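Okay, here's what each chain looks like letter by letter:
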Amino acid sequence: AQTVTQSQPEMSVQEAETVTLSCTYDTSENNYYLFWYKQPPSRQMILVIRQEAYKQQNATENRFSVNFQKAAKSFSLKISDSQLGDTAMYFCAFMKRTGNQFYFGTGTSLTVIP
Amino acid sequence: DVKVTQSSRYLVKRTGEKVFLECVQDMDHENMFWYRQDPGLGLRLIYFSYDVKMKEKGDIPEGYSVSREKKERFSLILESASTNQTSMYLCASSFVSVADTQYFGPGTRLTVL
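Listed in order, the protein sequences are those of chains A and U.
Terminal number for the first sequence in my numbering: 107, no gaps in between.
Terminal number for the second sequence in my numbering: 186, no gaps in between.
No wet-lab data here; the hints were simulated from the structure.
Predicted, not measured: the structure shown is a model, and the values here were computed from it.
Some hints here could point you the wrong way.
What the hints assert, rightly or not - Quick list of in silico lysine-lysine cross-link-like pairs, PhoX-like style, CA-CA up to 25 Å:
(1) 89/A - 63/A
(2) 48/A - 63/A
(3) 86/U - 89/A
(4) 89/A - 71/A
(5) 89/A - 91/U
(6) 144/U - 89/A
(7) 130/U - 89/A
As the list claims (entries may be wrong) - Simulated DEER-style distance windows between Cβ atoms:
(8) 1/A - 182/U: 43 to 49 Å
(9) 150/U - 102/A: 43 to 49 Å
(10) 91/U - 10/A: 46 to 52 Å
What the hints assert, rightly or not - One-sided excerpt, in silico: chain U residues whose CB lies under 10 Å from chain A:
(11) 101
(12) 125
(13) 131
(14) 133
(15) 134
(16) 136
(17) 137
(18) 167
For glycine and all other residues, C-beta sits at the position ideal for the given N, C-alpha and C.
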């Protein structure tokens, strides 16, 4: 079975600063995908960024980047130049390459302080 | 833009009632999913469907059933609602291709009294 662990239930960051959200996972699979999803207060969950395990290069989307450490089974999300609109619950998710099912972590609630 | 809609944002039902939660997507996605979201537990998969009339149990199917008669619509059914089914229910859809992004609906907050 796959498990995804987010050890930080809540975090806060000052506007314009950088914050890193941690995620670790446990799997015996070699080919898989990792995702970060964002759920703003009372709004729909949206994809932030995704990483393919066979790619060594870390994924980047504007102010969002990941630090993917395959051997350590770690997949952290870095948010640079934090904005008030980044306030949300962030979920890390894992998916096997050959499956349809996502496995989600328990989430990290991020608050950006003005 | 992909659109996933859910029939209600908020729903209040009584113990023992039969409850239907509806989800509709407009992107011709093959896969559809039902999750429940609870504080401290994240998202847990209840059921998913990869085609019309096809369904697979997720991690917590007990007390739930699903129906997919049309490709765009996926219904979650609580045959006899109980208080421990009070939760946020999220629907999602995706293409069947490998590792395609899941698109989520706005969620239904169900309270069972």
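Going through the hints against the structure:
1. 89/A - 63/A: 14 Å, holds
2. 48/A - 63/A: 10 Å, holds
3. 86/U - 89/A: 37 Å, violated
4. 89/A - 71/A: 23 Å, holds
5. 89/A - 91/U: 35 Å, violated
6. 144/U - 89/A: Within the cut-off at roughly 24 Å; holds.
7. 130/U - 89/A: 17 Å, holds
8. 1/A - 182/U: 43 to 49 Å: 25 Å, violated
9. 150/U - 102/A: 43 to 49 Å: Since the Cβ atoms of residue 150/U and residue 102/A sit about 31 Å apart, the hinted range of 43 to 49 Å is violated.
10. 91/U - 10/A: 46 to 52 Å: The hinted range 46 to 52 Å holds for residue 91/U and residue 10/A, with Cβ atoms some 50 Å apart.
11. 101: Given a least distance of 16 Å, the restraint on residue 101/U is violated.
12. 125: Nearest chain A Cβ about 15 Å off; hint violated.
13. 131: 7 Å, holds
14. 133: 13 Å, violated
15. 134: Cβ of residue 134/U sits 13 Å from chain A, so the hint is violated.
16. 136: Since the shortest Cβ distance to chain A is 20 Å, the answer is violated.
17. 137: At about 16 Å, which exceeds the 10 Å cut-off, the nearest Cβ of chain A leaves the hint on residue 137/U violated.
18. 167: 8 Å, holds
Violated hints, listed in ascending order, are 3, 5, 8, 9, 11, 12, 14, 15, 16, 17; each of the other numbered hints is respected by the structure.
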